[in-house]
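Undergrad: The primary structure of each chain is shown beneath.
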Amino acid sequence: MAAHFPSAATDDFVIDVAGVTKRFGDKTVVNGINLQVRRGEIYGFLGPNGSGKTTFIRMLCGLLTPDAGTGTCLGYDVRTQQAEIKRHVGYMTQKFSYYEDLSIRENLDFIARIYAVPDRAAVVQKSLERLGLQNRSHQLAGQLSGGWKQRLALAACLIHSPQLLLLDEPTAGVDPKARREFWDHIHQLTADGLTVLITTHYMDEAERCHRLAYLAYGNLLTRGTLDEVLTTAKLSTWTVVGPNLRVLADQLRRQPGVEQVVAFGTTLHVSGRDAALLAAAIAQIRTPAHQWTQVRSGLEDVFISLMDEAQDNFS
Amino acid sequence: MNPPRFTFHRFWAIVLKEFIQMKRDRVTFGMMIGIPLMQLIIFGFAINADPKHLPAAIRSADQGPFARTLIVALKNSGYFNFVREAPTESEAQRLLQVGAVQFIINIPEDFSRRLLRGERPTVLIEADATDPAAVGPAVSATRALAESVFNRDLPGPLSRLRAKPGPVDFRIHAHYNPENITQYNIVPGLMGVVLTMTMVVITALAITRERERGTMENLLATPVRPFEVMTGKILPYIAVGYVQVTLILLAAHFIFHVPMDGSFMLLYGVSLFFIAANLAMGITFSTLAKNQLQAVQMAFFFFLPSILLSGFMFPFRGMPEWAQWIGTCLPNTHFLRIARGILLKGNGLAEIAPELWPLLLFLTVAMTVGVKRYRQTLD
Numbered sequence: 001m002a003a004h005f006p007s008a009a010t011d012d013f014v015i016d017v018a019g020v021t022k023r024f025g026d027k028t029v030v031n032g033i034n035l036q037v038r039r040g041e042i043y044g045f046l047g048p049n050g051s052g053k054t055t056f057i058r059m060l061c062g063l064l065t066p067d068a069g070t071g072t073c074l075g076y077d078v079r080t081q082q083a084e085i086k087r088h089v090g091y092m093t094q095k096f097s098y099y100e101d102l103s104i105r106e107n108l109d110f111i112a113r114i115y116a117v118p119d120r121a122a123v124v125q126k127s128l129e130r131l132g133l134q135n136r137s138h139q140l141a142g143q144l145s146g147g148w149k150q151r152l153a154l155a156a157c158l159i160h161s162p163q164l165l166l167l168d169e170p171t172a173g174v175d176p177k178a179r180r181e182f183w184d185h186i187h188q189l190t191a192d193g194l195t196v197l198i199t200t201h202y203m204d205e206a207e208r209c210h211r212l213a214y215l216a217y218g219n220l221l222t223r224g225t226l227d228e229v230l231t232t233a234k235l236s237t238w239t240v241v242g243p244n245l246r247v248l249a250d251q252l253r254r255q256p257g258v259e260q261v262v263a264f265g266t267t268l269h270v271s272g273r274d275a276a277l278l279a280a281a282i283a284q285i286r287t288p289a290h291q292w293t294q295v296r297s298g299l300e301d302v303f304i305s306l307m308d309e310a311q312d313n314f315s
Numbered sequence: 001m002n003p004p005r006f007t008f009h010r011f012w013a014i015v016l017k018e019f020i021q022m023k024r025d026r027v028t029f030g031m032m033i034g035i036p037l038m039q040l041i042i043f044g045f046a047i048n049a050d051p052k053h054l055p056a057a058i059r060s061a062d063q064g065p066f067a068r069t070l071i072v073a074l075k076n077s078g079y080f081n082f083v084r085e086a087p088t089e090s091e092a093q094r095l096l097q098v099g100a101v102q103f104i105i106n107i108p109e110d111f112s113r114r115l116l117r118g119e120r121p122t123v124l125i126e127a128d129a130t131d132p133a134a135v136g137p138a139v140s141a142t143r144a145l146a147e148s149v150f151n152r153d154l155p156g157p158l159s160r161l162r163a164k165p166g167p168v169d170f171r172i173h174a175h176y177n178p179e180n181i182t183q184y185n186i187v188p189g190l191m192g193v194v195l196t197m198t199m200v201v202i203t204a205l206a207i208t209r210e211r212e213r214g215t216m217e218n219l220l221a222t223p224v225r226p227f228e229v230m231t232g233k234i235l236p237y238i239a240v241g242y243v244q245v246t247l248i249l250l251a252a253h254f255i256f257h258v259p260m261d262g263s264f265m266l267l268y269g270v271s272l273f274f275i276a277a278n279l280a281m282g283i284t285f286s287t288l289a290k291n292q293l294q295a296v297q298m299a300f301f302f303f304l305p306s307i308l309l310s311g312f313m314f315p316f317r318g319m320p321e322w323a324q325w326i327g328t329c330l331p332n333t334h335f336l337r338i339a340r341g342i343l344l345k346g347n348g349l350a351e352i353a354p355e356l357w358p359l360l361l362f363l364t365v366a367m368t369v370g371v372k373r374y375r376q377t378l379d
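Protein chains in written order, with my numbering: chain A, 1 to 315; chain B, 1 to 379.
Since the hints were derived computationally from the structure, they do not count as laboratory data. Honestly, I wouldn't trust all of these hints.
[Stated by the list, open to error] DEER-style ranges, computed between Cβ atoms:
(1) A:Phe24 <-> B:Met38: 40 to 50 Å
(2) B:Pro315 <-> A:Gln143: 13 to 23 Å
(3) B:Trp325 <-> A:Gly19: 50 to 60 Å
(4) A:Ala172 <-> B:Met31: 31 to 41 Å
(5) A:Asp26 <-> B:Asp25: 56 to 66 Å
(6) B:Asp131 <-> A:Thr65: 55 to 65 Å
(7) B:Asp25 <-> A:Ala172: 23 to 33 Å
Backbone N, C-alpha and C define an ideal beta-carbon position, used for all residues, glycine too.
Can you make the complete structure from the sequences, with help from the hints?
TA: This is the structure we're talking about:
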């Protein structure tokens with residue numbers, strides 16, 4: 001199958017785009033995004049609602065044409081070779097978009113026919129078994145719960161053995177156990193050479209990605225491995241344990257240099273981008289009653305900080 | 001760049017999917033069968049362009065034999081049902097005004113005497129002509145009656161009083177439907193009307209439904225091509241269209257006894273183009289409409305002229321020229337002529353050819369517009 005692709009994909013980048021821009025009317029939804037995704041990688045795409053994640057993914061899989069920018073997806077030009085891209089990409093939409101009045105098997109069979117999958121019956125059967133759907137294969141898709149719909153959608157977008165999987169918030173509204181199974185499955189697939197670009201709002205999921213990108217207001221704010229994202233963010237964070245945390249939190253919020261004060265149970269997380277200013281602020285309030293510890297910033301702290309920053313810069 | 005090309009497996013995938021969805025959607029499927037039945041009953045049984053037994057009142061001042069003969073003859077024509085006698089002029093006018101009768105037959109008092117004197121007495125027939133179509137046939141029947149009604153009552157020397165033949169003898173042969181039976185005209189026409197009504201709507205919903213349910217995004221993300229989607233969505237409904245055609249033809253033969261002079265195979269064959277033309281029209285609406293409601297409204301917008309300006313309801317040649325032009329652009333107009341031609345006149349391929357190519361042209365144009373309008377991206 002790989003021989004079928006043009007070998008132009010430099011450095012084995014499955015996605016390699018630069019300056020990708022999309023405007024709807026006078027609103028720029030995606031603004032000059034550069035992104036490289038290597039073969040076999042799970043690339044996490046994060047960002048607040050309406051940040052342009054879905055629009056960007058739609059441009060990658062040929063559903064939308066970029067207004068500016070160049071690049072390739074699986075070695076095919078994203079602006080001109082959309083038909084080729086569609087043939088080798090599996091795309092799972094944010095909203096369930098298979099036929100609710102068709103059974104699980106009929107849905108899979110339909111997609112398999114569309115892609116002219118060889119040995120169709122066997123492939124459909126195998127796909128049902130792999131996702132544990134064989135006992136429900138005659139159930140109508142419309143009667144399935146969220147978790148089962150998600151399994152069906154994943155099975156359907158894998159049925160033509162795509163080289164790249166684009167997953168748009170695949171685990172929204174799915175319970176933790178099903179989410180974990182889903183991620184195990186994704187890791188298994190990438191071990192076999194599949195590349196996955198996935199959007200999510202869950203931090204634990206973000207941490208299971210090989211690489212991350214954070215998008216806000218159509219701009220790519222940061223990208224890299226988890227460590228790289230945390231390091232480049234230059235955010236310092238303290239935790240504090242002790243009595244009267246609510247009063248303390250109010251005090252802290254009034255201090256210069258304190259950007260985030262978030263309660264996690266009996267612990268407060270206090271973060272700021274300027275480490276010295278934050279330390280000074282804490283020193284002023286600090287009493288022996290509270291136990292202060294400087295910790296490594298969490299991904300969520302970093303993203304919220306990035307988002308606040310983006311709000312200042314772009315909105 | 002890969003040129004857009006048709007592949008059978010993708011086309012067939014769509015066909016199978018549509019068949020399954022049609023099977024699951026019992027209500028729509030029921031309508032497909034119910035609508036032709038309902039229209040057959042309504043149009044087939046209820047419409048009559050040659051209404052008889054119309055209520056009439058008599059104001060006769062003459063009790064002589066000629067007046068009686070005239071009344072009996074009018075009654076025997078089948079057009080009049082004498083429901084009452086009107087003693088006075090004002091009473092007669094009142095009956096007409098309130099709609100209790102549609103005709104008043106006024107026979108003057110010295111009718112018989114003046115007739116025998118050869119003075120051509122006047123019989124005034126007052127008609128409620130608010131609906132000309134309703135009284136028209138009765139009025140013409142009365143005219144024809146006047147020529148022969150008294151022939152038996154005017155024997156021997158009185159025969160000089162009989163109606164004199166005009167200088168020219170008009171012989172009228174009413175071909176194809178000599179008895180002027182409305183059903184012969186309506187029922188074949190119904191085929192076109194039913195197909196226009198159901199086929200356009202069903203495909204008008206086809207793509208908007210995919211869009212509204214969100215399945216379109218998925219379909220667009222696959223390599224399926226516009227022409228494959230369209231033809232794939234059309235084919236299952238061609239089968240439905242044939243079920244409807246068969247239903248109507250069966251009813252035409254066994255219930256309405258419509259003559260079937262032409263070739264069945266030809267009618268079935270030609271129906272394919274008409275069904276496909278309507279389905280393509282629906283698909284095109286479907287690509288224009290933003291939601292299912294709009295799609296249905298568009299289909300209705302198409303359906304109205306198809307029923308009113310095609311010659312189904314009203315004589316085509318009676319319409320002003322602009323209306324005839326609109327009618328000429330509608331596939332139903334041509335299909336009506338083909339269906340009536342084949343069934344009533346026994347037309348063959350050569351005779352229907354002038355009506356066949358406009359159908360093909362319409363099909364091609366509708367399909368092309370639809371494919372062009374079908375967007376392969378979400379842009």
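Undergrad: Confirm or reject each hint.
TA: Hint check:
1. A:Phe24 <-> B:Met38: 40 to 50 Å: For phenylalanine 24 of chain A and methionine 38 of chain B the Cβ distance comes to about 46 Å; the hint holds.
2. B:Pro315 <-> A:Gln143: 13 to 23 Å: 54 Å, violated
3. B:Trp325 <-> A:Gly19: 50 to 60 Å: The hinted range 50 to 60 Å holds for tryptophan 325 of chain B and glycine 19 of chain A, with Cβ atoms some 53 Å apart.
4. A:Ala172 <-> B:Met31: 31 to 41 Å: 37 Å, holds
5. A:Asp26 <-> B:Asp25: 56 to 66 Å: 42 Å, violated
6. B:Asp131 <-> A:Thr65: 55 to 65 Å: 60 Å, holds
7. B:Asp25 <-> A:Ala172: 23 to 33 Å: Holds, at about 29 Å.
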